Amino acid sequence: MFYKRIITFCFVFFLSYWAKAEEKVPMADALRAEGKIYVVVAVIVTMVLGIVGYLVFLDRKINRIENEINNSK
Amino acid sequence: MKMNQNWWKILTVLLLLYTCIAGFLFTTPRLPILNESIRNLYFHVPMWFGMILILTASVVYSVLYLRNQKPIEDIRASQAAQVGVFWGILGLLTGMIWAHYTWGKAWSNDVKQTSSAIALLIYLAYFILRDTIKDEQKKAGISAVYNIYAYAAMIPLLFILPRLTDSLHPGNGGNPGFNAYDLDSNMRLVFYPAILAWTLLGWWIFTIKVRYIKVKNYLISKN
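In order, the protein sequences belong to chains A and B.
Residue numbers for the first sequence, in my numbering: 10 to 82.
Residue numbers for the second sequence, in my numbering: 1249 to 1471.
Simulated from the structure, these hints should not be mistaken for laboratory data.
Possibly wrong hints are sitting among the right ones.
Pairs of lysine-lysine, DSSO-like flavour, derived with a Cα cap of 30 Å [as the list claims (entries may be wrong)]: (1) B:1462 - A:82; (2) A:33 - A:45; (3) A:82 - B:1457; (4) B:1257 - A:70; (5) A:82 - B:1353; (6) A:70 - B:1470; (7) B:1457 - A:70; (8) B:1464 - B:1382; (9) B:1457 - B:1470; (10) B:1382 - B:1462; (11) B:1470 - B:1382; (12) B:1464 - B:1257; (13) B:1464 - B:1386; (14) B:1470 - B:1318; (15) A:82 - A:70; (16) A:70 - B:1318; (17) B:1257 - B:1457; (18) B:1387 - A:33; (19) B:1457 - B:1386; (20) A:70 - B:1464; (21) B:1462 - B:1387; (22) B:1462 - A:70; (23) B:1464 - A:82; (24) B:1318 - B:1462; (25) B:1353 - B:1464; (26) B:1318 - A:82; (27) B:1462 - B:1257; (28) B:1457 - B:1387; (29) B:1470 - A:82; (30) B:1387 - B:1318; (31) B:1257 - B:1386.
Please read these numbers as outputs of a predicted model, since none were measured by experiment.
Make a model of the complete structure from these sequences and hints.
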């Protein structure tokens, strides 16, 4: 009788634990399922590339001026 | 660009791209309240890491200036402080946006919010101090000493005070570790490269600013 109770308790305990794990916290699952998340990634990658490209442009520009000064010295 | 000395710029771009792609596509823990906004960890938190690392460089340059009195060290210290504070302001603004949607208010007088704002104000005073002194040598010397003070004030404001009382920020309010409980291994995979990426981006901007001022000062001295 005692063992039966323990087994029942364990069963209920794990069942509730399992049910809790299944209870989902809302996330952007639909966005991912539709593949629209790639649109977000594409937009951000474009921006990062644009900003980094601008930084490379500035880097090269200042490099040219440094070279000009070094050559004229 | 010479490859041998610019390899870290390529690394910066690759890490930034990795952060932006993996940051949105890799899995994260499903946590209530945070939900999908947990991904801000890859963008908001690295701003603060970047700020602290770049301000550390700034204080090192200030110490170097006090040791050897070379004007270039003063230029480096002030430019690093500018980039560091810029990263800090971005960290504060992104934190307010994030807080608005998770803590309910953009500004809830959370101890870490307040102390980081104070730290930024101390650094803003550094720039005002620089602007008020005309003599270049005096400016460099006094602001180097002030920079060391500002750094010494920032460390307890960001790392000690928030731990002594309750904070909404994770890893504070008596917790010894940084995010030890809720940063899972999947997130570390993106989080650490993200810190490196944003810090290196700040460092890149810093080097360009220093080179610009060197060229400008040379041209002024020539004319």
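These are the hints, each one checked on the structure:
no.: 1; hint: B:1462 - A:82; in the structure: 15 Å, holds
no.: 2; hint: A:33 - A:45; in the structure: 21 Å, holds
no.: 3; hint: A:82 - B:1457; in the structure: 22 Å, holds
no.: 4; hint: B:1257 - A:70; in the structure: 16 Å, holds
no.: 5; hint: A:82 - B:1353; in the structure: 58 Å, violated
no.: 6; hint: A:70 - B:1470; in the structure: 20 Å, holds
no.: 7; hint: B:1457 - A:70; in the structure: 12 Å, holds
no.: 8; hint: B:1464 - B:1382; in the structure: 18 Å, holds
no.: 9; hint: B:1457 - B:1470; in the structure: 20 Å, holds
no.: 10; hint: B:1382 - B:1462; in the structure: 19 Å, holds
no.: 11; hint: B:1470 - B:1382; in the structure: 20 Å, holds
no.: 12; hint: B:1464 - B:1257; in the structure: 24 Å, holds
no.: 13; hint: B:1464 - B:1386; in the structure: 20 Å, holds
no.: 14; hint: B:1470 - B:1318; in the structure: 19 Å, holds
no.: 15; hint: A:82 - A:70; in the structure: 19 Å, holds
no.: 16; hint: A:70 - B:1318; in the structure: 26 Å, holds
no.: 17; hint: B:1257 - B:1457; in the structure: 15 Å, holds
no.: 18; hint: B:1387 - A:33; in the structure: 59 Å, violated
no.: 19; hint: B:1457 - B:1386; in the structure: 22 Å, holds
no.: 20; hint: A:70 - B:1464; in the structure: 14 Å, holds
no.: 21; hint: B:1462 - B:1387; in the structure: 17 Å, holds
no.: 22; hint: B:1462 - A:70; in the structure: 14 Å, holds
no.: 23; hint: B:1464 - A:82; in the structure: 15 Å, holds
no.: 24; hint: B:1318 - B:1462; in the structure: 13 Å, holds
no.: 25; hint: B:1353 - B:1464; in the structure: 45 Å, violated
no.: 26; hint: B:1318 - A:82; in the structure: 21 Å, holds
no.: 27; hint: B:1462 - B:1257; in the structure: 21 Å, holds
no.: 28; hint: B:1457 - B:1387; in the structure: 19 Å, holds
no.: 29; hint: B:1470 - A:82; in the structure: 11 Å, holds
no.: 30; hint: B:1387 - B:1318; in the structure: 13 Å, holds
no.: 31; hint: B:1257 - B:1386; in the structure: 35 Å, violated
Hints 5, 18, 25, 31 from the list above are not met by this structure, while the remaining hints are.
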